[in-house]
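Visitor: Here's the letter readout for the chains.
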Amino acid sequence: MKKPLSFLALTASVVVLSGFYGGGKAAVGAPAPTFKLPGVDGKTHDLSKYKGKFVVLEWINRDCPVVKGQYNSGNMQRTQAKAKEMGNVVWVGICSSAPGKQGHLSAGEYVQNMKDTRSQSDTILLDPDGKVGKMYDAKTTPHMMVIDPKGILIYNGAIDDRMANRGSASPRNHVLEALKEAKAGKAVSVPTSQPYGCDVKYAN
Amino acid sequence: MTLAIVAAVLLVQDAPKATAELVSARTHVRPGEPLTLGVRIQTEPGWHVYYRNAGDSGMPTDIKWSLPKNWRASETQWPAPHVFGEDGLLTYGYEGETFLLSRITVPKGTPKGKHTLSAQVNWLACDEICIEGSAKVSTQVTVGNAIATNKTWQPKLAEAWGKLPTADRSWTTIAEATPTGYVLNILPPVEELLPSNDFVFIPAQSSVVEHKKNHPITKQGSSFMLHLNKSEYATDAPKRLTGLLLIPREGEPKALKIDIPVQYRGESS
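For the record, the sequence lines run as chains A and B. For the first sequence, our numbering assigns the number 112 to the initial residue and increments by one for each residue that follows. For the second sequence, our numbering assigns the number 720 to the initial residue and increments by one for each residue that follows.
Next comes chain B alone, as it looks inside the complex (with noise of 0.2 Å):
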């Protein structure tokens, strides 16, 4: 009995616990064009990887790119991440499939042929305990006079592009500099019904902000005032304020990308 289940304990931690796979949105391109490219994620059920700023503990998932002469990879967009655990151990990162897009651009000159793009892929899997991961990924394109989708993932490229945060001007936002943090006050556009105040603020780099899901939030008039507390490793008063805002809606709430300048009002810090 006991060997059994000690069999059956093995059996699941050697199960990889995360995959990784490349995926391109077209099988052909031409010299000049735009690629878009997916290193596709997928975790156990209960088991997540990590956002660009992987929160309280925990470790980024890391793309490096091997690609042909000349070709550039743009820099990783990350989906809007889950928030995992509470208060005083907050995470960000991804269950189930997640897209972590990149795009290039095809060097005109780029000779006519098969090309393979790889990636080697880092990252840290965590329920209860931690798995690390690793894989060296690659997919092939056709480069040539022809444009040809593949079939199977340009839809899933595209809907998880269409689902990437952005940055929407019909909310304003302004960051102020406190002695304990920052003010980011919140204007909604007009028409907008929200169903609660629980906006949560996930910044794009660690060690700026606490990592926070429940901010102290006052009203002021139509404005939000979510006060966000200067991580206890921070080191310098940064120029600008980024990260994504989650704001609440009925289903998934919309995450709004937020990279403002950071207003100093010029008392000493």
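Same shape as in the complex, but just chain A (with noise of 0.2 Å):
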């Protein structure tokens, strides 16, 4: 009798927060909705204590192509280095994949995967149900959010600029300009730009 309780508490406190910090679709330039997830590293991370860092999410999907294409060529380790050496800020994998979907996977699993890749994300939280990446409507994996130390969105699209100039020599990397622009206080000069990647493996 207990249990049932306590989970609807905290499904109805994860629907309240979202309604009270801007819940409902995620636009760059308005509060980036509130959540609370359970990490990969056994904690629950609250977004709303956050404020006053940066805070990087990261759709992820181990088994996606895309996903891996970034971490084989180290691309997506490198910015998450590059990112956290900025200081002030945190980056942490957001799964979204259902039960029985690729992607969806154990703790356990994604910690390995962690240890695999050598990934710098402070950690992976996980969103079976899908909630937090409807709210951030996340497409993708990867898809990229950055949210400054206001709690405010400033960036949502693709790591880089790779798919929409194809054979560039020197690709753009949206999430590391995006927070060297709001740390200098300018304004982010690419805000948003279309995601590429697997599909966010929602449940049908």
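The reader is advised that the hints may include incorrect statements.
One-sided excerpt, in silico: chain B residues whose CB lies under 8 Å from chain A [said to hold, decoys possible]:
#1 775
#2 778
#3 845
#4 847
#5 848
#6 851
#7 853
Under the rule of at most 35 Å between Cα atoms (straight-line distance), these lysine-lysine pairs were calculated in the DSBU-like manner [to be verified]:
#8 B:958 x A:147
#9 B:783 x A:212
#10 B:949 x A:193
#11 A:164 x B:949
#12 B:855 x A:147
#13 B:855 x A:297
#14 A:291 x B:949
#15 A:162 x A:212
#16 B:938 x A:162
#17 A:226 x A:261
#18 B:938 x A:245
#19 B:932 x A:245
#20 A:212 x B:855
#21 A:242 x A:297
#22 A:291 x B:958
#23 B:932 x A:294
#24 B:958 x A:245
#25 B:958 x A:297
#26 A:245 x B:833
#27 A:212 x A:297
#28 B:855 x B:938
Worth flagging that the hints you see were computed from the coordinates, not collected in a lab. Keep in mind it's a predicted model, so treat the numbers as computed, not measured. For every residue, glycine included, the Cβ atom is placed at its ideal position computed from N, Cα and C.
Taking the hints as your guide, dock the two standalone chains into a single complex.
Guide: See below:
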């Protein structure tokens, strides 16, 4: 009897929080929807507690070839490391794959994946019912969001312009650029771009 | 029992979900004359590769040519894609056999003899999961005084070329910017009888309008007004609206090429 009640309470609190802080579709320039999700590090992560820091959200699916491509080339890890080197930046992965779908793995499996890829991410958050993914309208893996210390969403989209500018010798890394510009007090010059990758494996 | 299942799964996963080859309409060409080429892509049942605008997810199929000196391939001519998924996660692509077409004019002064034409083709093939694919494809043509068609491929390439989306002046289309996106005003030819109002606009590039198959549509006299929302990833005010308009038909929709200026009424964006 106790278990169902507390589950309901947790669900209700997630819904209430998201409604309070500009829930619904995440729009660049608006407050980023807040949420609480379990991390594979064993802790619960509450986005609202990260106010005062930049937060990068990286939608992930271990087995999506586009994600694998980013990790095999080292591009994702380099981006993670450079972002955190700037200071005051939190980087979390989010997996919104539904049970039975590709990428839906146990915490242990994602811990192993982080070790295998030498991920520089702080942790990966598990969102198996896709609620947070849908709050942010995450469409692909990878799909990147950058939130500033005031809790405002300042970037939503692809990690870089490799897909938009095929064959470019020096791709622009939108995540690092957004962080650099925001830290310098400037407006983000490319606040959004079409993300590319596998579709997020929500439930049917 | 488990080993057999695992082995079977591994076999299925190893089979390529999409294959590519390069085919030519002619085996023999003369300098100064046109040559039609097709990157022929075939997918396993249930799998698809993506259009020049993949839509909400996926990756566009990419062709990088390696051609003899001075040979230039035209921009890829993309057949009208199928629409996959639902509004919210909608993609555009191809399943089964597709020809991504290109035309080359054989440069005058090309030395006689056999020439190899190659391309590097990269794609993402998806059904429930996605698998990346890549192939170096090539074909040969003989340059000289003779012309000869490739009897296997010329009919298929001609058929595919004939089905490419085209502009059609008997349809009047006007694009107007609105605070939330655009209205595509469509006036069909007088004699046109439409089985439904299920027009679908497929943008040529991503990040312009939302990818939808159920656009809000209103009728004003004989005109249809398709309401297109600006993409959440749009960053500028485009001068033109480019893409395909799928016109409802009893069978396959007719794909109309749209490349029209956007009218801005001079109000603040």
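Visitor: Indicate, hint by hint, whether the structure satisfies it.
Guide: So, going through the hints one by one against the coordinates:
With a least beta-carbon distance of about 5 Å to chain A, the hint placing residue 775 of chain B at the interface is held under the 8 Å criterion. Taking 8 Å as the C-beta contact cut-off toward chain A, the hint placing residue 778 of chain B at the interface holds, the least distance being around 5 Å. Evaluation of the residue 845 of chain B hint against chain A yields a held restraint, the C-beta minimum of about 7 Å falling below 8 Å. Taking 8 Å as the C-beta cut-off, the interface hint given for residue 847 of chain B holds, the closest approach to chain A being about 7 Å.
Checking residue 848 of chain B against chain A by beta carbon gives a least distance of about 5 Å; that is within 8 Å, so the hint holds. Checking residue 851 of chain B against chain A by beta carbon gives a least distance of about 4 Å; that is within 8 Å, so the hint holds. About 11 Å separates the beta-carbon of residue 853 of chain B from the nearest beta-carbon of chain A, more than 8 Å, and the hint is not met. Note on residue 958 of chain B and residue 147 of chain A: the hinted pairing is violated, with a Cα-Cα distance of about 43 Å set against a maximum of 35 Å.
At roughly 33 Å between alpha-carbon atoms, residue 783 of chain B and residue 212 of chain A fall within 35 Å of each other, so this suggested pair holds. For the proposed pair residue 949 of chain B and residue 193 of chain A, the alpha carbon gap of about 33 Å is at most 35 Å, so the pair holds. For the hint pairing residue 164 of chain A with residue 949 of chain B, the CA-to-CA distance comes to about 31 Å; that is within 35 Å, so the pair holds. In summary, the hint linking residue 855 of chain B to residue 147 of chain A is not supported, as the alpha carbons are separated by about 47 Å, beyond the 35 Å threshold.
With a C-alpha separation of about 44 Å, the suggested pair residue 855 of chain B and residue 297 of chain A falls outside the 35 Å cut-off, and the hint is violated. At most 35 Å may separate the alpha-carbon atoms for a hinted pair to count; residue 291 of chain A and residue 949 of chain B meet this at roughly 27 Å. Between residue 162 of chain A and residue 212 of chain A, the direct Cα distance comes to roughly 33 Å. Compliance with the 35 Å bound is thereby established for this hinted pair. Restraint check for residue 938 of chain B and residue 162 of chain A: not satisfied, since their Cα atoms lie roughly 49 Å apart, outside the 35 Å limit.
Between residue 226 of chain A and residue 261 of chain A the CA atoms are separated by roughly 32 Å; this keeps the pair inside 35 Å, and the hint holds. Of the pairs offered as hints, the one joining residue 938 of chain B and residue 245 of chain A holds, with about 33 Å between alpha carbons and a cut-off of 35 Å not exceeded. Between residue 932 of chain B and residue 245 of chain A the alpha-carbon distance is near 20 Å, which keeps this suggested pair within the 35 Å criterion. Note on residue 212 of chain A and residue 855 of chain B: the hinted pairing holds, with a Cα-Cα distance of about 32 Å set against a maximum of 35 Å.
Distance hint between residue 242 of chain A and residue 297 of chain A is fulfilled; the C-alpha atoms sit about 32 Å from each other, no more than 35 Å. Restraint check for residue 291 of chain A and residue 958 of chain B: the C-alpha separation of about 31 Å stays at or below 35 Å, so the hint holds. Restraint check for residue 932 of chain B and residue 294 of chain A: the C-alpha separation of about 40 Å exceeds 35 Å, so the hint is violated. Taken as a hint, the residue 958 of chain B and residue 245 of chain A pair is honoured in the structure, with Cα atoms around 32 Å apart against an allowance of 35 Å.
Annotation: proposed proximity of residue 958 of chain B to residue 297 of chain A holds, straight-line Cα distance about 27 Å (limit 35 Å). Taken as a hint, the residue 245 of chain A and residue 833 of chain B pair is broken in the structure, with Cα atoms around 56 Å apart against an allowance of 35 Å. Simply put, residue 212 of chain A and residue 297 of chain A have alpha-carbon atoms about 40 Å apart, too far for the 35 Å limit, and the pair is violated. With a C-alpha separation of about 49 Å, the suggested pair residue 855 of chain B and residue 938 of chain B falls outside the 35 Å cut-off, and the hint is violated.
When each numbered hint is compared with the structure, violations occur for hints 7, 8, 12, 13, 16, 23, 26, 27, 28.
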